[in-house]
Amino acid sequence: MARMKFLCDSERCIECNACVTACKNEHEVPWGINRRRVVTLNDGEKGERSISMACMHCEDAPCAAVCPVDCFYRTDEGVVLHSKDLCIGCGYCFYACPFGAPQYPQVGNFGSRGKMDKCTFCAGGPEADNTKEEYQKYGANRLAEGKLPLCAEMCSTKALLAGDGDIIAEIYKERVSRRGYGSGAWGWATAYKSGTSA
Amino acid sequence: MRRNFWTGSVLKPALWAVFILTMALAAPMPASAQQAAPADEAALLQQLQGGPVTGRVSIPDAKSAVLIQPQGREWRDTLNGPVKSAGGWLLVLTVVGLAVFLAVRGRIKVEHGLSGRTMERFSGTERFAHWLTAICFIVLGLSGLNLSFGRSLIMPLIGPEAFASLTQFGKLAHNFLSFPFVLGVLLMAVLWIRHNIFNAVDIEWLRQGGGLLRKGVHPPAGKFNGGQKVLFWLVVLGTIALAVSGYILMFPFYVTDIAGMQTAQIVHAVAGMVMVAVILGHIYIGTVGMEGAFDAMGSGQVDVNWAREHHSLWVRDAQARGGGDD
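Taken in sequence, the protein lines are chains A and B. Convert by adding 1 to the 1-based position in the first sequence; the result is the number in my numbering. Convert by adding 66 to the 1-based position in the second sequence; the result is the number in my numbering.
Honestly, the hints are just simulated from the structure, not real lab data. Warning: the hint list may mix true and false statements.
[To be verified] Listed next, the in silico BS3-like pairs over lysine-lysine satisfying Cα-Cα at most 30 angstroms (straight line):
1. B:K281 / B:K129
2. A:K47 / B:K129
3. B:K150 / A:K116
4. B:K129 / A:K116
5. A:K138 / A:K25
6. A:K159 / A:K138
7. A:K148 / A:K159
8. A:K25 / A:K148
9. A:K138 / A:K85
10. B:K129 / A:K85
11. A:K133 / A:K85
12. A:K194 / A:K159
13. B:K129 / A:K159
14. A:K148 / A:K85
15. A:K138 / B:K129
16. A:K25 / B:K129
17. A:K194 / B:K129
18. A:K194 / A:K148
19. A:K174 / A:K133
20. B:K175 / A:K85
21. A:K174 / A:K85
22. A:K194 / B:K150
23. A:K85 / A:K25
24. A:K159 / A:K174
25. A:K25 / A:K133
26. B:K289 / B:K175
27. A:K138 / A:K148
Use the sequences and the hints to build the structure in full.
Next comes the structure, spelled out in C-alpha cells:
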C-alpha cells in the first residue's frame, strides 16, 4: 500500500495561496483555523522562497507520542488522523509538532483551546467514510472517493505534490536533476526518515 | 556638428573610472547576499541551531509564520523521558518510603496520653484557608497526574472513550479549580507568614530530625515547627511556580510564544510532581502518621498533651496570653 506524503517544491511555489483557499472551501474549515498555510522565507530578498505547509503526516508522529488521551491513529496509507471525540484540547500536540499543524478553535473556557483540528490529507476521521458526521468534524474524505488532497490538485505550478511518497519523491528528483538545483523538499528531513537527496 | 555626449573625449575616461570603481565596490555584494540567504532547509536548520524557521504569512494569524520549530522534539523527549520517569519514580518512592516509615516507626503516639483537655490551634478562618487549598489540590493533583500517567495506567483499564471523558472533565476541573487553589494559598500565606520566619529553634528542630525518628525526643517548637516552616515555603514557592507556568498554558500566546509554553509545561509538570510528593508526606503525618495531629485542622481543637509535646513554645505563649486550656 502506498505511503501518502506531501512535498512542496519551493522552487515552484509562487505564494498564490490557492492551496489554503481550496482547503478551507473543501472542508468548510471555520474562521481562524488554517489547516494549510503558505510561509515566505527571506521575503523581498534574494533567495526568497515560499513553502506551503500543513500536517506532514510524520513517520514517528510527535503529536501522537505526547497526546495524553492517545487520540491519534495512522491509516494503512500512513496518514495521521485523530478522533475529536477523544481530544480534550490540551495543546500538547501543538507544543510537539514541528510544523505548527494542530489548530484550535477558541471554544474553551477563558478563550482557551477547543478540540484540535488539523489537515487530514483529505482522509476524514474515524467516522464511517463520507458521512455527514465525518464531514462536520473532519471535512471531506477525498481519499475514500479515490481522489487526492485538493490543495495539491489545485496547485497551479504543481509545487505542492500529494500522493504516494515514492512517486512524488521521484517526480521531485527528476525536476532537480533537470533544472540542476533544488532547495530541498521542505519538512521531509523532519517528518520522514527517508529523505529526497537528489 | 552635434557632439555626442557619451562618446565625448572628455567624459569617456571619467565614466570608465566611475564604472570600474562601482563594479569593484559592488562585486563582493551579490556573493555575500547569496551566501546569507539560501532558503535551504538543512542549511537553515543548522544555521538556526534548533531554533524555529520563521517567515512571513499573508493570513492574519501572525504566529503561523513559524514554518518549522524543531525544538518541539526536545520538549517531547524531555516530557516523555526524564520528566515522566523521574516524576514517576519520585512518587512511587515517596509512597514506599512512607509505608516503610509507618512499618518501622509506627504511629507516633501522644507519649503522656490524651489529657482530655483541649486548646484551639487553628481558627475557623485558618481551617477554611487550609481546606479550600487542600480540596482544590487533591483534584488538581489527581487530574494532573492523570494527564501524565493516565494514558499508560488508567486507559488500558477503562478504555479510550471513558478515559477521554474522565480526562476532559479533569482538564475542566484543573483549569477552574486553579483559581480557588491560588486564593487558598494566598490566604494561608497572609495568615501564617509571620509564624513561618526561621529562627534558631527551627534549626535545632531540623537538626534533631524533629524527633520523628526516635521515641521520647521532642525538640521545642512554636506555632509551626521547622518542618512545617519548610513545608510552608515549599507550598508558597511551588504555588508561584505552578500558577505562573499554569496560567501561561491556560492562556496560549497571551504572554509567550511556543518556546515559552514548552518551558512552562516542563516547569509545571516538574513542580506539580514535586508538590504532590511533598503533600503526600504532609497528609501522612497529619493523619495516620501521628496521633492527635488531625484534630488541629479537623475540629481546630488539639489535646493539650499533644500540643505540649509537639509545640511546647506555642503552648507556653498561648497560656501566657491567657488563652489555651479549655
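Against the structure, the hints come out as follows:
{"no.": "1", "hint": "B:K281 / B:K129", "verdict": "violated (62 angstroms)"}
{"no.": "2", "hint": "A:K47 / B:K129", "verdict": "holds (24 angstroms)"}
{"no.": "3", "hint": "B:K150 / A:K116", "verdict": "holds (25 angstroms)"}
{"no.": "4", "hint": "B:K129 / A:K116", "verdict": "holds (19 angstroms)"}
{"no.": "5", "hint": "A:K138 / A:K25", "verdict": "holds (13 angstroms)"}
{"no.": "6", "hint": "A:K159 / A:K138", "verdict": "holds (29 angstroms)"}
{"no.": "7", "hint": "A:K148 / A:K159", "verdict": "holds (16 angstroms)"}
{"no.": "8", "hint": "A:K25 / A:K148", "verdict": "holds (17 angstroms)"}
{"no.": "9", "hint": "A:K138 / A:K85", "verdict": "holds (7 angstroms)"}
{"no.": "10", "hint": "B:K129 / A:K85", "verdict": "holds (24 angstroms)"}
{"no.": "11", "hint": "A:K133 / A:K85", "verdict": "holds (15 angstroms)"}
{"no.": "12", "hint": "A:K194 / A:K159", "verdict": "holds (24 angstroms)"}
{"no.": "13", "hint": "B:K129 / A:K159", "verdict": "holds (27 angstroms)"}
{"no.": "14", "hint": "A:K148 / A:K85", "verdict": "holds (24 angstroms)"}
{"no.": "15", "hint": "A:K138 / B:K129", "verdict": "holds (24 angstroms)"}
{"no.": "16", "hint": "A:K25 / B:K129", "verdict": "holds (19 angstroms)"}
{"no.": "17", "hint": "A:K194 / B:K129", "verdict": "holds (27 angstroms)"}
{"no.": "18", "hint": "A:K194 / A:K148", "verdict": "holds (26 angstroms)"}
{"no.": "19", "hint": "A:K174 / A:K133", "verdict": "violated (40 angstroms)"}
{"no.": "20", "hint": "B:K175 / A:K85", "verdict": "violated (54 angstroms)"}
{"no.": "21", "hint": "A:K174 / A:K85", "verdict": "violated (37 angstroms)"}
{"no.": "22", "hint": "A:K194 / B:K150", "verdict": "holds (26 angstroms)"}
{"no.": "23", "hint": "A:K85 / A:K25", "verdict": "holds (18 angstroms)"}
{"no.": "24", "hint": "A:K159 / A:K174", "verdict": "holds (14 angstroms)"}
{"no.": "25", "hint": "A:K25 / A:K133", "verdict": "holds (17 angstroms)"}
{"no.": "26", "hint": "B:K289 / B:K175", "verdict": "holds (19 angstroms)"}
{"no.": "27", "hint": "A:K138 / A:K148", "verdict": "holds (20 angstroms)"}
Comparing the model with each earlier hint shows violations of hints 1, 19, 20, 21; every other hint is respected.
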